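Student: Read off the chains here:
There are 2 protein chains.
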Amino acid sequence: MAEEVKLLGSWGSPFSRRVELALRLKGISYDYIEEDLSNKSPLLLKYNPIHKKVPVFLHGGKPVVESLVILEYIEETWEGDHAILPKDPYERAMARFWSTFVDEKCIPAIWMSCWTEGDMQQNFMIQSKENLSILEGELKGKKFFGGDAIGMVDIAAFFIAHWAGVLQEVAGISLINEEKHPILFKWIEEFMSSSIVMECLPAREGLLAYFQAKKEAIRATKAPVY
Amino acid sequence: MAEEVKLLGSWGSPFSRRVELALRLKGISYDYIEEDLSNKSPLLLKYNPIHKKVPVFLHGGKPVVESLVILEYIEETWEGDHAILPKDPYERAMARFWSTFVDEKCIPAIWMSCWTEGDMQQNFMIQSKENLSILEGELKGKKFFGGDAIGMVDIAAFFIAHWAGVLQEVAGISLINEEKHPILFKWIEEFMSSSIVMECLPAREGLLAYFQAKKEAIRATKAPVY
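As you go down the protein sequences, you meet chains A and B in turn.
Sequential numbering of the first sequence, starting at 288, is according to my numbering.
Sequential numbering of the second sequence, starting at 288, is according to my numbering.
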């Protein structure tokens, strides 16, 4: 009997959605458990006591946390039809490099661009645009970061394809520009029109309402969100 | 003919030394090129144009950057006698989790504890001690993080074994306490007494002089170092 696969996630989390996307690309059945992040469950705290965050991936009762670590585990455990990492060690290293670049550089700069103001915001916007131009260069000549099919870097960049647009709207700024980033723009269209990606998309209106409420709350309390 | 292996590093960088340690554990010959980080070479800028940092690993002229990415590449390319990652996918996931924990949590908190003052320093010291206690728990019952032999987490934690002690001395603080972290303390002794680790150690006096000069420079200019 196959071992049970469970995912503790949150509907609006790009990191949970990464794991769902990988599981669906590979055709792996899983039970999804929605977490209330304002009132974390004993299960979440038990299985991710260090970071206390989603996603938590459970395979036969054993937890794996941190979305990129989970993606590697899924790839190594279920080869399946859809590889999310190339076989060649050098190409795998490149996929790991770009996934880390998205996580450590692109997402934080875009996130901070949307929640800061004044000079700080300007600096984060400059960084964001530089990072997006670097990604643009990496995508040149390819349909997906993974080549002809969605791979780990595409999955890591899910935030850029969906969440970033919503956040820009809430913040009233423009970072991903069709004129400046035509290749990345095309990638977003390709990626977002994949039927499997669509199955993993949190509704745009829901995210928009969520982040707009967050913005109002920040304005009211002046609490830092980062 | 085997493809040429080169490493662009800096004598005092814990991240370069990680790569040297992995290469030596596996018995891979390499050419080492010392970089002057105050005057970066065209080679470094060519091969790591995004981060402009050491280490840069070159295999047959092809670059890999980011030390944890390089370690995975080395493991996948040269199986050799000394595996630095376990074979089992779940154990591999755990090794990746802990390596990332060292990189994202432990090293930044220790580094900042040593270069800040006042309340900020106190907060970083509390974080550092909490992180070190978590590592202490993970090491329980094991000689190395990798079990009986040095693995990827041990290599990632090289900073804690050597650099952290020097930095604490420069800052006049104590984070790694033999009473509070007896298992981690024992690990440092075991790890540092390995002949291969010793081959990769920058001399303590050299590091001490380097960081003391840095501290003086900061005091003189009030420039932030983080």
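By construction, these hints were calculated from the structure, which means they are not laboratory data.
Accuracy of the hints is not assured; some may be wrong.
Quick list of simulated restraints, FRET-style, between CB atoms [unchecked claim]:
no., chain 1, residue 1, chain 2, residue 2, range
1, A, Glu465, B, Lys333, 46 to 54 Å
2, B, Glu391, A, Tyr377, 19 to 27 Å
3, A, Leu324, B, Lys427, 41 to 49 Å
4, B, Gly405, A, Ser316, 26 to 34 Å
5, A, Ile320, B, Lys374, 36 to 44 Å
6, B, Lys349, A, Pro469, 24 to 32 Å
7, B, Lys467, A, Ile337, 14 to 22 Å
8, B, Gly405, A, Gly314, 49 to 57 Å
9, B, Lys430, A, Ile483, 28 to 36 Å
10, A, Ala436, B, Ile320, 36 to 44 Å
11, B, Gln408, A, Glu465, 30 to 38 Å
12, B, Gly367, A, Lys429, 32 to 40 Å
From a predicted model like this one, the values you see are computed outputs, not experimental measurements.
Every residue, glycine too, gets a C-beta built ideally from N, C-alpha and C.
Student: None of the hints should be skipped; say for each whether it holds.
Tutor: Evaluation of the provided hints:
Against the hinted window of 46 to 54 Å, the Cβ-Cβ separation of Glu465 (chain A) and Lys333 (chain B) comes to about 31 Å, which falls outside the hint. Against the hinted window of 19 to 27 Å, the Cβ-Cβ separation of Glu391 (chain B) and Tyr377 (chain A) comes to about 25 Å, which satisfies the hint. Between Leu324 (chain A) and Lys427 (chain B) the C-beta distance comes to about 31 Å, which lies outside the given range of 41 to 49 Å. Separated by about 53 Å at the C-beta atoms, Gly405 (chain B) and Ser316 (chain A) break the suggested range of 26 to 34 Å.
At roughly 30 Å, the beta-carbon separation of Ile320 (chain A) and Lys374 (chain B) lies outside the given 36 to 44 Å, and the hint is violated. At about 28 Å, the CB distance of Lys349 (chain B) to Pro469 (chain A) agrees with the hint of 24 to 32 Å. For the pair Lys467 (chain B) and Ile337 (chain A), the beta carbons lie near 18 Å from each other, so the given range of 14 to 22 Å is met. The given range of 49 to 57 Å is respected by Gly405 (chain B) and Gly314 (chain A), whose C-beta atoms sit roughly 55 Å from each other.
Distance hint check: the CB atoms of Lys430 (chain B) and Ile483 (chain A) are about 45 Å apart, inconsistent with the given range 28 to 36 Å. Taking the beta carbon of each, Ala436 (chain A) and Ile320 (chain B) are about 37 Å apart, inside 36 to 44 Å as hinted. One distance hint, 30 to 38 Å for the beta-carbon pair Gln408 (chain B) and Glu465 (chain A), is violated here, with the actual separation near 46 Å. A beta carbon spacing of about 33 Å between Gly367 (chain B) and Lys429 (chain A) agrees with the range 32 to 40 Å that was offered as a hint.
Hint compliance for this structure: hints 1, 3, 4, 5, 9, 11 are not met, and every other hint is.
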